[in-house]
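J.: If you follow the hints, you should be able to join the two separate chains into one complex; please do so.
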Amino acid sequence: MNDMARPSDPDPPYLYSDYGSTRLRAPLQPMVALPALAQAGAGPQIPEGFVRGGDNDLTRAGKATPLGEMMVLTGRILDVDGRPVRRSLVEIWQANASGRYDHPGDTHDAPLDPNFHGIGRTLTDEEGRYRFLTIRPGAYPWKNHAFAWRPQHIHFSLLGNAPVQRLITQMYFPGDPLLALDPVYLSIPDARARETLLCRLAPRTGIEGVALGYEFDIVLAGASATPLGI
Amino acid sequence: MAERSPSQTIGPFFHEAMRWARGGDVTFAEPGEKVVLAGRIVDGAGAPVADAMVETWQLAPDGGEPGMATGSMRPHGFGRVETDADGRFRIATSLPGGAVPHIDVAIFARGLLKPLRTRAYLAPIERVRDDPALATIAASPRLATLVARPGAGREWAWEVRLQGEGETVFFA
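Heads up: the protein sequence lines correspond to chains R and U, in order. Heads up: take any position in the first sequence, counting from 1, add 61, and you land on the working numbering. Heads up: take any position in the second sequence, counting from 1, add 692, and you land on the working numbering.
Just so you know, the hints here were simulated from the structure itself, not pulled from any lab data. Be aware that a few hints might be false.
As the list claims (entries may be wrong) - Here are some chain U residues pointing at chain R (derived, C-beta under 8 angstroms):
id : residue
1  : Met710
2  : Ala777
3  : Gly779
To be verified - Distance windows between CB atoms, simulated:
id : chain 1 : residue 1 : chain 2 : residue 2 : range
4  : U       : Ala694    : R       : Leu262    : 13 to 23 angstroms
5  : R       : Asp116    : U       : Ala864    : 32 to 42 angstroms
6  : U       : Pro816    : R       : Leu242    : 50 to 60 angstroms
7  : U       : Ala739    : R       : Phe208    : 38 to 48 angstroms
8  : R       : Pro96     : U       : Ala844    : 31 to 41 angstroms
9  : U       : Gly790    : R       : Met92     : 15 to 25 angstroms
10 : U       : His707    : R       : Arg144    : 46 to 56 angstroms
11 : U       : Arg834    : R       : Asp116    : 24 to 34 angstroms
Everything numeric in this text was worked out from a predicted model, so none of it was measured. Backbone N, C-alpha and C define an ideal beta-carbon position, used for all residues, glycine too.
Looking at chain U on its own, in the form it has when it is part of the complex (with noise of 0.2 angstroms):
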């Protein structure tokens, strides 16, 4: 058994490498409810993140692990963008299925030695409450951090904190 290599940070040049054309529109084989996450992401003075990647993932509209997409599209059910100078980012996408619709978020920055991997749920925060995978935060008024606001046009809003008061929850 090989040890597996280790992670080092993605540094500030990544930008033209790794973006993708259209990486923020996520598409899927089936149509589905279309929402828009708006994150944005703050470091421990409070400050924009400006120079991240956020990467996402989800179940399909029909609660299904999104399957292969045709062509030279982008993978089913996946997103990349970077960062803005506010530290904003934006993802276009489906109303995930599943219980309780969730979208996979994996932050990746300059000062990140690794990925910092979160959910952005996409319900109001007692169905939230209620999903098993949550067990061991459910009563912890942290749950809130990984819980997105709707607002107008199916639009959710979500802040992320990397460190310090109202730091979001990251998992192992």
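If we strip away everything but chain R, and leave its shape as in the complex, we get (with noise of 0.2 angstroms):
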């Protein structure tokens, strides 16, 4: 349904060798379809109050303002009609300035900012626009092969307004040298869609004398799809 209408998959696969952790855990056997209407409906609705203001704040967690370049991130989430995706819950991640998450299972050895979690939410308006007050996140190395690095990347979890939406990304930084060695990046085949990912500089989304203006809008799919679509 529709086919002719969709841009083709951006996705990665499942199974990517040069991401070690993609081996055991990419099934082998082909994805079976579901019928359009099995998947059709509004989905979950985030209700009022779910979302409290100052969620999407993330320079506010501890007594004072945290270590690291501050920034406004601001952007849209449209589906691939162009249409805003609206009321929707959009929740982030991210490592602190100096590249250490505040999480138990990070055992890299920077330090962690008491006034800085790395965690905030928040719904999308009538226009489909977020957005959030945090700090520039430090790149960090991991274990997936020698000498490698994560590019600085902020984690963007979309729920949209149909299960059919449900999307988790993550934004990096246009012109980080990381990209071109990392291989969850690069795990999407076409370069064009990758390139989506970045952020784009736009100081005057910022906060004059206190914070740079990024800009990052993300494209789920059609709520087409979905005849309740609501």
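T.: What follows is the structure, given as structure tokens:
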């Protein structure tokens, strides 16, 4: 259904050997197609009050300002037909300016920041817009291969307005030399599709004298696949 | 028409950010028959997948689409949990309505560059085979991977194998 109108699949494959963790986790059998109707419906509805004011400000986690380069991150969540994805949950998480997650599993010997936990959430407005105040995350080493470092990135989780729109992805920064070496980024087959995960510098969306502005738009699957599409 | 943004892995550090209070207790507007989906996820070597996030979505007990919850509650019909060190997760919910009761499951994890989508059917395999949505695999022995086993305390056990022998059926 709608295959003619749907752009090609931009996602990485399950098995991408350069990213070692895929080797034992990628299914090897072909995926089974479910009829579109079986996936239809409006999906989970986020209740009023679930997101609180201030949840989109990651710089207020402690008593003082976190270390690092403060940034205003704004953007729009749209579907492939250009329609805004309204009143939809956006959750983000990231490393601190030193490249350390406030997470028990992160063993990187870089300092934690008592004023930064790296967790935020918000709802998009009627035009699909979101806004976060945060700091630019640091790069960090990981054990995928020798001398491996992840490029600076912010994790994004989008619930969308239908199950078919659910997306978890990562936002990267333009000009980061680590991108060309990162198997997670490079797992996206098409170079143009990769570049849609780069934010862009937009100084005038920042806060004068305080925070740099960056913009990052995200495009979700078409809600047209959902007859109820509200 | 814009191109859809590509998926990337959830990675290993999502827990605090994605953890919802009582995320594994699925609510509905109406009462229903309480059931538990007790799942376990293993990889291609049979090792537990200890760092996955599991999301569930299903019909309400009356067979309709779950509606809007009130207050600061979680969304009706939706569950979100993480796996433990043994790869186990638990979703406490109500028996889904509809012809053949099932729970849609999405699995996110380090090493998964995009989510895996599957289903846990809370019904005998003879009924599962009759679900028109599964027509293409109704005759396959792999159908059994979608069927949870009822146990004591209205608990349904279900094992997900990401890869290899007994690999679970995943949906495109």
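J.: Run the structure past the numbered hints and jot down the numbers of the failing ones, going up.
T.: As far as the earlier hints go, 2, 3, 7, 10, 11 are violated by this structure, in ascending order.
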